[in-house]
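Trainee: All chains should be modelled from the sequences, with the hints used to inform the complete structure.
First to last, the sequence lines map onto chains A and B. First residue of the first sequence: 8, per the working numbering; consecutive thereafter. First residue of the second sequence: 8, per the working numbering; consecutive thereafter.
These are computed hints drawn from the structure, not numbers from a lab. Only a predicted model underlies this, so the values are computations on that prediction, with no experimental measurement involved. Treat the hints loosely; a few may be bogus.
A pair holds if it fits inside one copy or across any two, identical chains being indistinguishable in the list.
What the hints assert, rightly or not - Below are the DSBU-like pairs computed for lysine-lysine, each with C-alpha atoms no more than 30 Å apart in a straight line:
| hint | residue 1 | residue 2 |
| --- | --- | --- |
| 1 | 42 | 147 |
| 2 | 129 | 27 |
| 3 | 117 | 16 |
| 4 | 166 | 38 |
Number of protein chains: 2
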Amino acid sequence: MKTDNSKIKNVFKDMSFSPKEISIIENVFHKVTFKKGDLIIKVNDSVEYQYYTLDGCLRSFYTDEEGKEHTIQFAICDWWISDFTAFFSDSNAILNIETLRDSVLYKISKEDRELLYKEIPKIESFFRLKLERAFSAFQKRILSNISKPASERYMQFRKTYTNIERCVKNYHIASYLGITTESLSRIRKELASK
Amino acid sequence: MKTDNSKIKNVFKDMSFSPKEISIIENVFHKVTFKKGDLIIKVNDSVEYQYYTLDGCLRSFYTDEEGKEHTIQFAICDWWISDFTAFFSDSNAILNIETLRDSVLYKISKEDRELLYKEIPKIESFFRLKLERAFSAFQKRILSNISKPASERYMQFRKTYTNIERCVKNYHIASYLGITTESLSRIRKELASK
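Mentor: Below, the structure is given as structure tokens:
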């Protein structure tokens, strides 16, 4: 059976699947496209999907009571994004997710994810490992915010999101690092002069 | 076959297992006891185990470059604890974990956890769900730190860790909430007078 399994190659890389499994996977991932500036999840939405970024750039952000934005994560090619707190706990969105340029994503619903886990247990392992890494990375970042200088956090940001700076505005980066855009400019100047 | 499966009842509650599965589980969870004040994980240790709290009270904390302690989590009866960032990413500990009173724990190693997942796939689902909840709770708490008043965060802490206040010192709670012990006293007085 010949199938177009580019979806599977993108998402699951070198994992191998039987023709029946391929057909199940093809049926639960749906390609969706968004224009730059679209809000794909809004605060208080019910959050039904998680998204795999095939192409594009997105960010999730939290807006505090004074209207200040805090960028939680970016997603570029091969990254997953959602309001995971809402997605995992069946509560409504506390984050917004916006596209920072035209984006092509694969979405999968909660129910279909459960179906995949049941039908293809190694996919549960795949997502469990992704989640362990995401948890580690998020906790490390919070601890960095407590104790590392902003210049070090900026360098870590550049390492984490290679080539992202073309797509995002300075205030996106500053709101990810928890600093002002003025501090970001100063850090860039200092690094450039080294 | 009659087995003492209290270990299983404690950790996995109402999940049912075959006699063969019970025997596997019994072999991978090991009971360990610690005295109040023991450091069960120290910064830079390699982190081989995650721990289930059968009885006692523990906390994990991060010490920043100025020597200030930041409590990441507490563990009371039925909670899991480890330096999960290190445990998941095969890096050395960045946290300390100490017992706040004599504690009885079950420990399971990384290798044995993988074995369990392979032999009893529903245990992988069990841990995946736990991790999703932990990720959600941690992200929610970080966002609360950004935007909620300390009094609200203190009330949330009391809800999360029922009856813990008998075991922990004021500076443990303050370092969990990111406030001073003086602010904690003020909040308690305000709440008591309402």
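Trainee: All hints, please: hold or fail.
Mentor: Structure-based check of all given hints:
1. 42 x 147: between (32 Å within a copy, 29 Å between copies)
2. 129 x 27: Both ways: residue 129 and residue 27 sit 14 Å apart in one copy and 22 Å across, limit 30 Å.
3. 117 x 16: Classified as both; 21 Å inside a copy, 29 Å across copies.
4. 166 x 38: Only inside one copy: residue 166 and residue 38 sit 28 Å apart there, 41 Å across copies, limit 30 Å.
Going down the numbered hints, you'll see the structure goes against none, and every one checks out.
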